[in-house]
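Enquirer: Each chain sits in its own coordinate frame; assemble them with the hints.
The primary structure of each chain is shown beneath.
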Amino acid sequence: MSSEAHATLVAEQFDDQVQQHQAASLGMWIFLCTEVLFFGGLLASYNIYRYLYFSAFETGSHHLAVVWGATNTAVLICSSLTMALAVRAAQMGKRNLLITFLVLTLIFGLAFLAIKFGFEWRHEYLDGLAPGVNFTYTGPNAHHVELFMFFYFALTGLHALHMIVGVGIMTGLIIMATRGAFSNGHCNAVEIAGLYWHFVDIVWIFLFPLLYLIGGRY
Amino acid sequence: MSENVVHIESKKLYITIWFVLLCFTALTTGVAYIDLGPFNTVVALVIAIFKASLVVFFFMHARHSERLVRVVIVCAVFWLLILISISTTDFATRRRIPEPRWFQNQPLILQHLQPGPTS
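Residue numbers (our numbering), protein chains in the order written: chain A, 1 to 218; chain B, 1 to 119.
The reader is advised that the hints may include incorrect statements.
Across the chosen pairs, the derived CB separations fall in these ranges [said to hold, decoys possible]:
hint, chain 1, residue 1, chain 2, residue 2, range
1, A, 114, B, 16, 22 to 30 angstroms
2, B, 75, A, 218, 37 to 45 angstroms
3, A, 11, B, 86, 22 to 30 angstroms
4, B, 77, A, 164, 22 to 30 angstroms
5, A, 97, B, 63, 20 to 28 angstroms
6, B, 49, A, 9, 33 to 41 angstroms
7, B, 63, A, 62, 37 to 45 angstroms
8, A, 67, B, 102, 32 to 40 angstroms
9, A, 142, B, 6, 50 to 58 angstroms
10, B, 82, A, 180, 41 to 49 angstroms
11, A, 184, B, 70, 22 to 30 angstroms
12, A, 96, B, 37, 48 to 56 angstroms
So, partial list: chain A residues that the calculated Cβ filter (under 7 angstroms) puts toward chain B [what the hints assert, rightly or not]:
hint, residue
13, 33
14, 73
15, 81
16, 118
17, 122
18, 195
19, 205
20, 213
Hint data in this document are derived by calculation from the structure and do not stem from the laboratory. Here the structure is a predicted model, which is why all the values come from computation and not from measurement. Here a beta-carbon is modelled for each residue, glycine too, at the ideal position from N, C-alpha and C.
Chain B on its own, in the form it takes in the complex (with noise of 0.2 angstroms):
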C-alpha cells in the first residue's frame, strides 16, 4: 500500500501531453466540418474520452497512484455508463408495437376497445 516514493513528472512530459491536447481540440473542432453522419458524435466522443483519459493519467496523476485510488475512477465511470446507459434504453425503445395480424380481423366491437393506430 505504501508509495514513498513521491513520483515527480518531468516538464517535458506535462508539455507534451498539452500539446497533444490542443493538436485533439483542433482535430476534433475541425472533423466537426466534414459530414460523417452520425459519425461526428462517436469521433467527437471517442476524441473527448482520449483527451480525457490523457488529463487523468498524466495530470491528476493517476499513472502513480495507488490502486484504490484508479478502483474509484473505475467506479465513477462505470456509475456514469450505467446512468446514462440504461436511462437511454428506455427512450430508445419506445415504439409501438404493431397490431398483431390476427387481431386485424376482430369483430368491430372489439376493436373498437383497443387503442387506435400507431401514432
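Chain A with its partners taken away, still in its complex shape (with noise of 0.2 angstroms):
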C-alpha cells in the first residue's frame, strides 16, 4: 500500500493506523463501561428490592416463561459468533463473508426482538402484568409483585433498546460493507460494533438469570 492511501485511511489527529485503532477501542470500551453503570444503577435498586421483597420477586418471576429466556439467550450466544465471525472475516478484507455474517447477526438479533416483544411482552400483557397498562394481579403481595413487574419490563425494555440500537449499526455496517468500506483490513468500525454487540449480549447474560430463575424453579 502506498503511503497516500495510508494517509487518507488515517485521520489528521492520529500518528498512525495502530494508534487510530487503539484510540478506537478505547473509546468504546470507555462507553461500554457507562453502559455498564447505567445498566448498574437499575440492577442495584432491582437488588435492593428483591432483597426487601423476596417472595413477591419470586412469585413475580415465575409468571415470567423460562423457555423463551434460555431461547433468547442462546438467539443471543449465536449472535456473538456471528459477530465475531464478522469482525475476523473484516480483519481478513473478505467481503462477501463479513456481509454473510452481519446479516446473520442482524436476523439472530431482530428474532431477539421478535421473541421479547410478539411472544413475552404480549402474553405479559394479555395475563394482566404490565403495571401501568394492563395490571390485574391479584395475589398476597400485589403491589410488590407489581414491582417486580416493573423491574422486568424496564431492565428488558431498556436492553431492547439496546438491542434495536444494535441492529441499526447492523444495518448501518451491511450498507457500508457492501460499498466495499471495510476492505483492505479497515475495519475500526467493524470491530467497535462488535464490542457494543457483545456488551449487549453480557447484559442479557445476566439478566436472563437475575430475572428469570428467582429461587429456583423447583
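Expert: As C-alpha cells, then:
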C-alpha cells in the first residue's frame, strides 16, 4: 500500500493506523463502562428491592416463561458468534463473508426482538401483568409483584432499546460493507460495533438468571 | 504500547467458546430446577460471570488488547461492584437494635418518651 493510501485512511489527529485503531477501541470500551453503570443503577435498585421483597419477586419471576428467556439467551449467544466471525472476516478483508455474517447477526438480533416483544411482552400484557397498562394480578403482595414487573419491563425494555440500536448499527455496517468500506483490513467500525454487540449480549447473560430464575424453579 | 499485529482468532476457537456458552446456558437453566436453597442464586451468578468473562476475553478480544483497555474493563467491574455492594450494606443492616437490658427498668415517664418496641 502506498503512503498516500495510508494517509487518507488515517485521520489527521493520529500518528498511524495502529494508534487510530487503539483510540477507537479504547473509546468504545470507555463508553461500555458508562453503559455498565447505566444498567448497574437499575440492577442495584433491583437488587435492593429483591432483597426486601424476595418472595413477591419470586412469585413474579415464576410468571415469566423460562423457555422464551433461555431461547433468547441462546439466540444472543449465536449472534455473538456470528458477530465475532464478522469481525474476523473484516480483519481478513473478506467482503462477502463479512456481509454474510453481519446479515446473520442482524437476523439473530431481530429474532431476539421478535421473541421479546411478540411473545413475552405480549403474553405478559394479556395475562394482566403489565404495570401501568394492564395489571390485574391479585395475589398476596400484589403491589410488590407489580414492582417486580416494573423492574422486568424496565430492564428488558432498556436492553431491547440497546438491541434496537444494535440492529440499526448492523444495518449501517451492512450498507457500508456492500460499498466496500471495509476492504484492505480497515475495519475499526466493525470491531467497535462488535464490542457493543457483545456487551448487549453480556447484559442479557446477567438479566436472564436475575429475572427468570429467581429462587429456583423447583 | 504499539501492537502492530492484528490478532485474528481462529474460527475453531470462536465456535468452541460459542458451544461452551450454550452448554452453560443449559446448565444454569437446569440447575434452577434443583433445590439448592440460597445457593441457587449464587450458582446462577457464578455461571453468568463465567459466561460474561468468556465473551469479554475471547469475543471482545480482551486477551489481545493492550493493558489500558484491560484497566478500563477492571474499572467498570469495580465501580459496578462498589455501587451494588455498598448500597446493599445499607439495606442489609437495617435492623432495630434491641434495647439494652439496663434500660428496660427505667421509670415509666422515661419509657413514654422513647420509641416503641421493635417491630
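Enquirer: Each of the hints needs a verdict: does it hold here or not?
Expert: Comparing the hints with the structure gives:
One distance hint, 22 to 30 angstroms for the beta-carbon pair residue 114(A) and residue 16(B), holds here, with the actual separation near 29 angstroms. Checked against the given bound of 37 to 45 angstroms, the beta carbons of residue 75(B) and residue 218(A), roughly 38 angstroms apart, stay inside it. About 41 angstroms separates the C-beta atoms of residue 11(A) and residue 86(B), a value inconsistent with the hinted range of 22 to 30 angstroms. Separation of residue 77(B) from residue 164(A) is about 26 angstroms and conforms to the stated range, judged on CB atoms against 22 to 30 angstroms.
The given range of 20 to 28 angstroms is respected by residue 97(A) and residue 63(B), whose C-beta atoms sit roughly 23 angstroms from each other. Separation of residue 49(B) from residue 9(A) is about 39 angstroms and conforms to the stated range, judged on CB atoms against 33 to 41 angstroms. A C-beta distance of roughly 39 angstroms is found between residue 63(B) and residue 62(A), which places it inside the suggested range of 37 to 45 angstroms. Taking the beta carbon of each, residue 67(A) and residue 102(B) are about 60 angstroms apart, not inside 32 to 40 angstroms as hinted.
Look at residue 142(A) against residue 6(B): about 56 angstroms separates their beta carbons, and that is inside 50 to 58 angstroms. Between residue 82(B) and residue 180(A) the C-beta distance comes to about 46 angstroms, which sits within the given range of 41 to 49 angstroms. Between residue 184(A) and residue 70(B), the C-beta spacing of about 28 angstroms keeps the proposed range 22 to 30 angstroms intact. At about 53 angstroms, the CB distance of residue 96(A) to residue 37(B) agrees with the hint of 48 to 56 angstroms.
Taking 7 angstroms as the C-beta contact cut-off toward chain B, the hint placing residue 33(A) at the interface holds, the least distance being around 4 angstroms. The criterion of a C-beta within 7 angstroms of any C-beta in chain B is met by residue 73(A), whose closest approach is roughly 5 angstroms, and the hint holds. The closest approach between the C-beta of residue 81(A) and any C-beta of chain B is roughly 4 angstroms, which is under the 7 angstroms cut-off, so the hint is satisfied. Because the smallest distance between the Cβ of residue 118(A) and any Cβ of chain B comes to about 21 angstroms, over 7 angstroms, the interface hint for this residue is violated.
Checking residue 122(A) against chain B: minimum C-beta separation of about 22 angstroms lies over 7 angstroms; hint violated. About 6 angstroms separates the beta-carbon of residue 195(A) from the nearest beta-carbon of chain B, less than 7 angstroms, and the hint is met. About 5 angstroms separates the beta-carbon of residue 205(A) from the nearest beta-carbon of chain B, less than 7 angstroms, and the hint is met. Using the Cβ-Cβ criterion of 7 angstroms, the hint placing residue 213(A) at the interface with chain B is satisfied: the shortest such distance is roughly 4 angstroms.
Of the numbered hints given earlier, the model fails hints 3, 8, 16 and 17; all others are met.
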